[in-house]
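Undergrad: Sequence:
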Amino acid sequence: MPIATDTNDEEKSSTERFEAIKSIKEATHYICENLNSSLTLNSVADHVFLSPSYLSRIFKKYMHINFINYINHQKIAQAQRELILTRKPINLISNVAGFSQTSYFTKTFKKITGLTPSAYRKENSEINRIYTLPRTLEWKLTDSVFDVSKIFFKNQNLDYYYESSNGFLYVNSIGDLTDSNEKSGWIFTIDGKQPTTSADQIPIKDVSVIQWMYVDFR
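To get our numbering, take the position in the sequence shown, counting from 1, and add 1.
Each hint should be verified, as a subset may be incorrect.
As the list claims (entries may be wrong) - Computed list of lysine-lysine pairs in DSSO-like fashion (alpha-carbon distance at most 30 Å, straight line): (1) K13 to K108; (2) K184 to K123; (3) K13 to K23; (4) K111 to K123; (5) K123 to K141; (6) K108 to K61; (7) K184 to K89; (8) K112 to K89; (9) K151 to K61; (10) K155 to K26; (11) K184 to K141; (12) K111 to K13; (13) K206 to K108; (14) K206 to K61; (15) K194 to K155; (16) K61 to K141; (17) K112 to K141.
What the hints contain is simulated information worked out from the structure, not anything from laboratory work.
Whenever a hint applies, use it, and build me the whole structure from the sequences.
TA: So, in structure tokens, the structure goes:
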């Protein structure tokens with residue numbers, strides 16, 4: 002007589018997956034709402050009532066990225082916005098991003114972006130609009146950066162237009178801002194850096210955050 006275990010195993014697996022996804026959604030929401038805090042694996046795990054090792058494991062399994070990298074990239078993305086769009090001093094931006102020491106903030110910022118905060122602010126002074134897309138569970142591994150960006154624009158009720166030239170996709174406008182005779186236009190960054198490949202050709206695997214930035218040289 003066969004042992005009927007398949008159905009029970011499937012139900013258990015389905016329940017575990019449901020609970021894991023629920024916990025990850027709670028964790029990412031908590032992270033995004035508390036970027037100004039000193040977030041750690043332990044503190045977030047406590048919030049969602051899981052062990053740190055289990056949260057780290059399911060986060061990697063379902064989000065497909067490292068937990069600590071995710072937090073750091075969200076913090077640095079927030080700092081990039083503050084550096085570009087405000088004149089707040091760097092030590093204040095460091096504190097707002099949840100770093101207890103400005104020196105550690107600077108080290109982390111440079112590791113991710115390739116520039117110190119002051120150099121980054123100077124180099125990107127012509128940017129006057131930023132849209133930030135943190136990774137979510139809804140991102141599919143088969144999606145490109147442009148695929149998830151289109152979903153974001155739609156959810157934000159933003160009109161967007163694009164065209165392709167010589168195999169490279171250009172986003173001409175997002176919302177009320179459009180390119181103008183090479184004097185202004187949209188660029189995008191992935192985890193703090195601007196790639197040289199078209200957005201529709203870049204898979205979202207290992208991507209923690211995307212930012213679309215409007216550069217106006219006028």
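Undergrad: Is the straight-line distance between the alpha-carbon of K13 and that of K108 30 Å or less?
TA: This hinted pair is violated, its Cα atoms lying about 44 Å apart.
Undergrad: Given the proposed pairing of K184 with K89, does the C-alpha separation stay at or below 30 Å?
TA: Between K184 and K89 the Cα gap is close to 27 Å, so the pair holds against 30 Å.
Undergrad: So if I understand the rule, the pair passes when the alpha-carbon distance is 30 Å or less; does K111 with K123 pass?
TA: Judged against 30 Å, a Cα distance of about 14 Å means the pair holds.
Undergrad: Holds or violated: K112 and K141, Cα atoms, limit 30 Å.
TA: Answer holds: K112 to K141 is near 27 Å, not above 30 Å.
Undergrad: Can you confirm whether the C-alpha distance between K108 and K61 stays at or below 30 Å?
TA: 25 Å, holds
Undergrad: Going straight from one Cα to the other, do K13 and K23 come out at no more than 30 Å?
TA: Between K13 and K23 the Cα gap is close to 15 Å, so the pair holds against 30 Å.
Undergrad: Taking 30 Å as the top limit, are the C-alpha atoms of K151 and K61 close enough?
TA: 25 Å, holds
Undergrad: Does K89 sit within 30 Å of K112, going by the straight-line distance between their CA atoms?
TA: 21 Å, holds
Undergrad: Below or equal to 30 Å on CA atoms is what counts here, so check K61 against K141.
TA: 14 Å, holds
Undergrad: Checking one constraint from the list: CA of K206 to CA of K61, max 30 Å. Satisfied?
TA: Status holds; Cα separation ~12 Å.
Undergrad: When you check the alpha-carbon spacing of K123 and K141, does it fall within 30 Å?
TA: Since the Cα atoms of K123 and K141 sit roughly 35 Å apart, the hinted pair is violated (cutoff 30 Å).
Undergrad: Tell me if the straight-line CA distance from K206 to K108 falls inside 30 Å.
TA: 25 Å, holds
Consistency with the previously given hints fails for numbers 1, 5, 11, 12, ordered from lowest to highest.
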